[in-house]
Amino acid sequence: LLRYLKKIFYNSVAELRNMIKQMYPGTKNIAFVSDNSYGGVAMQAYVVKEMQKFPELNLILLDGRVHTIYTICDRLHELPENTAILMGTWRVDMNDGYFMRNATYAMMEAAPTLPTFSLSSVGLGYWAVAGVVPAYRALGKEMARQSYRLLTTPQDSETHMEIIPNETILDGKLVKEKKLNIAGLPQPVKMLNVTPSFYEQYKYHIWSVGAVLLVLLGGLFVSLYFYYHTKKLKDELEVSEGALREAKDRAEESSRLKSAFLANMSHEIRTPLNAIVGFSDVLSAGGASEEEQRGYFEIIRTNSDLLLRLINDILDVSRLEADRVILSLESCNVVQICQQVVASVAQARRSTNQFLFECEREVVEMRTDVQRLQQVVINLLSNADKFTKEGTITLKLEPDTARNVAVFSVTDSGCGIPLDKQKRVFERFEKLNEYVQGTGLGLSICKLTVEKWGGEIWIDPAYTNGARFMFTHPMNL
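Numbering (the UniProt record's numbering), first residue to last: 1 to 477.
Take the hints with a grain of salt, since some may be wrong.
[To be verified] Taking lysine-lysine pairs in the BS3-like style, the calculated list, with each CA pair at most 25 Å apart, reads:
id, residue 1, residue 2
1, K234, K21
2, K176, K190
3, K178, K28
4, K423, K452
5, K53, K21
6, K21, K190
7, K21, K49
8, K423, K396
9, K423, K258
10, K452, K258
11, K248, K234
[Said to hold, decoys possible] Computed beta-carbon distance windows for the label pairs:
id, residue 1, residue 2, range
12, A343, R367, 21 to 27 Å
13, T113, Y70, 16 to 22 Å
14, N274, R367, 42 to 48 Å
Read the hints as simulated data drawn from the structure, not as lab findings. Here a beta-carbon is modelled for each residue, glycine too, at the ideal position from N, C-alpha and C.
My request is simple: use the sequences and hints to build the entire structure.
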């Protein structure tokens, strides 16, 4: 039996001794409790032999062969300090009285302050702090299998022994109450009386709630997806609707402008044509004096020039609006170009007005389309000459280095332009005075051309002694 116990409790005493010394370093005595049974006697013999390896510990035997439950409780009560109780087994005392679990409760009350450990399962869960015990399990099926084998094969005389491994058990509640150090204990350790965590207590509830939340989140994400997808489609539809509405408005505006353009053009073309045809018929009929004929020829020539300018202006406006004009850029001295334009306009117009040019510099170099720049300046000078009588018309050039542009201005001393009509003058066929000769396209061409090279054109509202047209041109185009 002792050999059998050595296999069952192999190294249990050594592990318990190490555990006791770690948790209670001041322990000097080990009080081993065993009952009056074959198992108890054999276990006591095994412990006595194993404790010989640890001479620093004094072994006190509380033997059920010489004690009753009452006398052993007295002995437990009288144990000295620095003693650890090691429970073996207690079922039978010296009087062959059989005891159940209530006997260990009586022992616990007899020595409530002494640490208790278990070599078996006795005392674990309510008294013993820890124990190294066999990992008991249900052996009925295995025993039945062995019995069946012996009955069916009686000639098999081999002895079969099933070794049950040990396991280390701790009472978590007592360890926490006594604040014991268990850091160096062998692993794995089985814990008793451990308060389950919130998750362990409500694990299935948490899983259920989590599953419901996942379903709700999934539904929320699906709803959000369809919401944003629908919103995106709605926004795209609104953008498309806006684009269609804008295209419709542009088409209607284009149709309106086309109709207005055709109406204005028909009117503007009909006037010089009527003059040309009418006076041609008068000349063909004869009867006019030579002086009258010269007057008629001058009228025909003037209206022919007006008709030619009108056609050229219409072609220019069409090309500019269709963005079919390509600027021919070249580096040049703009001061020299302005001087030439002023001189040529003054000579060609034969007016009573004085044409002047002002610039603080003699040379202003920049890249530009010379022909288009001359066209804009000539149109502005010619327009100023129409509405000025015996006055002064000044072309001024001011380089603005801060904005990197050249600022041109054409100032006259004529009748001026009312504030409410200053924006309308840049529209096609817009005339402030129907009795002044012109196509009504010159300022519109100026605006389209200036915007083509990235500049701005406007009328200075602060100038009231006539009209002042201003436009800008980038210095580095």
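Now for the hints, and whether the structure bears them out:
Between K234 and K21 the CA atoms are separated by roughly 78 Å; this puts the pair beyond 25 Å, and the hint is violated. With a C-alpha separation of about 15 Å, the suggested pair K176 and K190 falls inside the 25 Å cut-off, and the hint holds. A C-alpha spacing of about 19 Å is found between K178 and K28, which places the hinted pair at or below 25 Å, so the restraint holds. Straight-line distance between C-alpha atoms of K423 and K452 comes to about 18 Å, which keeps the hinted pair within the 25 Å bound.
At roughly 15 Å between alpha-carbon atoms, K53 and K21 fall within 25 Å of each other, so this suggested pair holds. Annotation: proposed proximity of K21 to K190 holds, straight-line Cα distance about 19 Å (limit 25 Å). Annotation: proposed proximity of K21 to K49 holds, straight-line Cα distance about 19 Å (limit 25 Å). Proximity of K423 to K396 is assessed by CA-CA distance (about 22 Å); at most 25 Å being required, the pair is judged to hold.
Our distance criterion of 25 Å between C-alpha atoms is met by K423 and K258, whose separation comes to about 20 Å. For the hint linking K452 to K258, the alpha-carbon distance of about 22 Å falls within 25 Å, and the restraint holds. For the proposed pair K248 and K234, the alpha carbon gap of about 20 Å is at most 25 Å, so the pair holds. A C-beta distance of roughly 24 Å is found between A343 and R367, which places it inside the suggested range of 21 to 27 Å.
The hinted window of 16 to 22 Å between T113 and Y70 holds, with their beta carbons roughly 20 Å apart. One distance hint, 42 to 48 Å for the beta-carbon pair N274 and R367, holds here, with the actual separation near 45 Å.
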